[in-house]
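**Student:** Could you put the whole structure together from the sequences, leaning on the hints where they help?
There are 2 protein chains.
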Amino acid sequence: MSEIAEKLLAGEQRALSRLITMLERGDPAAAEAMKAIDQHTGRAYTVGITGPPGAGKSTIVDQLTKLVRETGSKVSIIAVDPTSPFSGGAILGDRIRMQRHYLDPGVFIRSVATRGQTGGLPRIVKSMVRALDAAGSDLIIVETVGVGQTELGIISVADTVLVALNPESGDAIQTLKAGVMEIADVFVVNKADRDGANQMAAAITGMLHLAASRPEWSPPVVLTTANTGQGIEDLWVNIQSHREFQIANGSLDERRGRQRKGEFLEAVEEVLAQRLREKVKSDPDLSATLEKVAAKTTDPYSAALEYLGSGSFSSDWLNAR
Amino acid sequence: MSEIAEKLLAGEQRALSRLITMLERGDPAAAEAMKAIDQHTGRAYTVGITGPPGAGKSTIVDQLTKLVRETGSKVSIIAVDPTSPFSGGAILGDRIRMQRHYLDPGVFIRSVATRGQTGGLPRIVKSMVRALDAAGSDLIIVETVGVGQTELGIISVADTVLVALNPESGDAIQTLKAGVMEIADVFVVNKADRDGANQMAAAITGMLHLAASRPEWSPPVVLTTANTGQGIEDLWVNIQSHREFQIANGSLDERRGRQRKGEFLEAVEEVLAQRLREKVKSDPDLSATLEKVAAKTTDPYSAALEYLGSGSFSSDWLNAR
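Residue numbers (the numbering used here), protein chains in the order written: chain F, -5 to 315; chain Z, -5 to 315.
It should be emphasised that the hints constitute simulated quantities derived from the structure, not laboratory data.
Keep in mind that the hints are not guaranteed to be accurate.
Identical copies look the same in the list; a pair holds intra-copy or inter-copy alike.
[As the list claims (entries may be wrong)] Straight-line alpha carbon distances no greater than 30 Å define the calculated BS3-like cross-link-like pairs of lysine-lysine that follow:
| no. | residue 1 | residue 2 |
| --- | --- | --- |
| 1 | 255 | 273 |
| 2 | 290 | 255 |
| 3 | 29 | 273 |
| 4 | 255 | 68 |
| 5 | 1 | 290 |
| 6 | 286 | 1 |
Note that the structure is predicted; figures quoted are calculated from it, not measured.
**Tutor:** Below is the structure:
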């Protein structure tokens, strides 16, 4: 076993940080370590939290962390930020609320940027979760910030998905569109002291009855005021209920298996894409094809189909490395 | 030549709309038509506009369209929206400002959702630009809304990239981070009637001098008040200067060639990913690998490398279809 994997499994915090840095850099030694620790994962529980900006996700995470730390459990937090060239300030501001946990050795906090990644959750987040799991975290919270597919991608890594909403952020029906209904295990209506919180909770419950897409588990709707901590215990009880439900009927293992399968397929695509980019530099046939495309001798899509059907593609380069 | 390609080249608006719908549905006949029209592209000029929410991009596009329409030129607008499960309203609101052009047959407006796409600009946008070009558009404006890689992806389709900023949206230095400097051909400081507009313009100019990453073309900084139309003519003059500059030194053809090469590589990746997903349903070897990954006999990434090196992958399926 690689030295870093051994140290990580022995609980050395520095080995964990080093492995994560290696993952971020795409160091091939990270893959070896990930292989070695894989058998030692599965003990931690992973909670994902998603929702629109302003729902108070970071504050909920902060309060959940505080609550769980009181029991002595080790908590890790992964914050997934979209890196817009035009933003940054607001997200950093959110993070400041987590400050009180930075000095607690029982809490590990790391941000991941989605820059350059595909639409879903960056694959590195999944590796990080496994590394944190193997290193002894009890609870791993993954928070997605921002917009688009990253938010729904939380389903690919979490055992329980929390969808946090703000009663002031618009009508509930708009909010529940586009796949959110399917991924939420627990709804959190935060800022419950504001107008409209009860109505929003009722609207969500109503929609859940109408949809009834998941006959066995009916996602609870929890009211919280994360600023004061109100409702956080109730939220934690509901997360644990969902965990126990999934353990009892075997769906937790199924879910994790599905996630691993998805990760395998992503990794295959990623490696293929990498090899293609390398091939661009070294393959004269591919270079010639590229020049033809640039010169409009052929259109890009037709050229792609042709290239994929040609001997120069399918023969050897896939295995090369 | 396919019937739809013929009709599109003859200027039939309905053929254009139909082709775009076919592209959206992934209809294989669309690829045939795209191949047929490829030789007939290159006449239109494509302007991309990006910038943070609130910079007034839609209003700038609206005013530019009005100005260019006065010359009789045909204008097409492609609005690229990120589909967040938690938003939608604000973006739709922006679009309402474009309303006055909806009844003008010389203006074609279409929205594209980025849902399920990779981090960059959806490949369909590039196909749409070529279809609009072949159908006789003179000016094609591509507007990206929202966050992340889609914004910088505008470089992969535009002949001239406008970066629109709002003097109230924060300090200029923060704004110019993360690749924006490299892709902007023209900066637009909109809402120039507000405090800080001149300072922002000066700050951008200062940074451009410092960076000096592009020795030949120095991106101008144009002040506009799009609400009133102030500065729009100046913006149009600067776009035309950039166009003439690129034609004079041959960099326009180079740029378009680079874009086509990038599109080819994207298409290769996309087709590989599609074939992989199809293979999951039919290949017993792949199914067995997936089950091993799910059962933790092997970790996802190692399994991916192993699968890509195995005979069952590299032999035949790439050519199958």
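**Student:** Next step is simple, just say for each hint if it's right about the structure.
**Tutor:** Going down the list of hints, with the structure as the test:
no., hint, result
1, 255 to 273, "both (27 Å within a copy, 14 Å between copies)"
2, 290 to 255, "between (39 Å within a copy, 10 Å between copies)"
3, 29 to 273, "both (27 Å within a copy, 25 Å between copies)"
4, 255 to 68, "within (28 Å within a copy, 49 Å between copies)"
5, 1 to 290, "between (55 Å within a copy, 21 Å between copies)"
6, 286 to 1, "between (52 Å within a copy, 27 Å between copies)"
Comparing the model with each numbered hint stated earlier shows that all of them hold.
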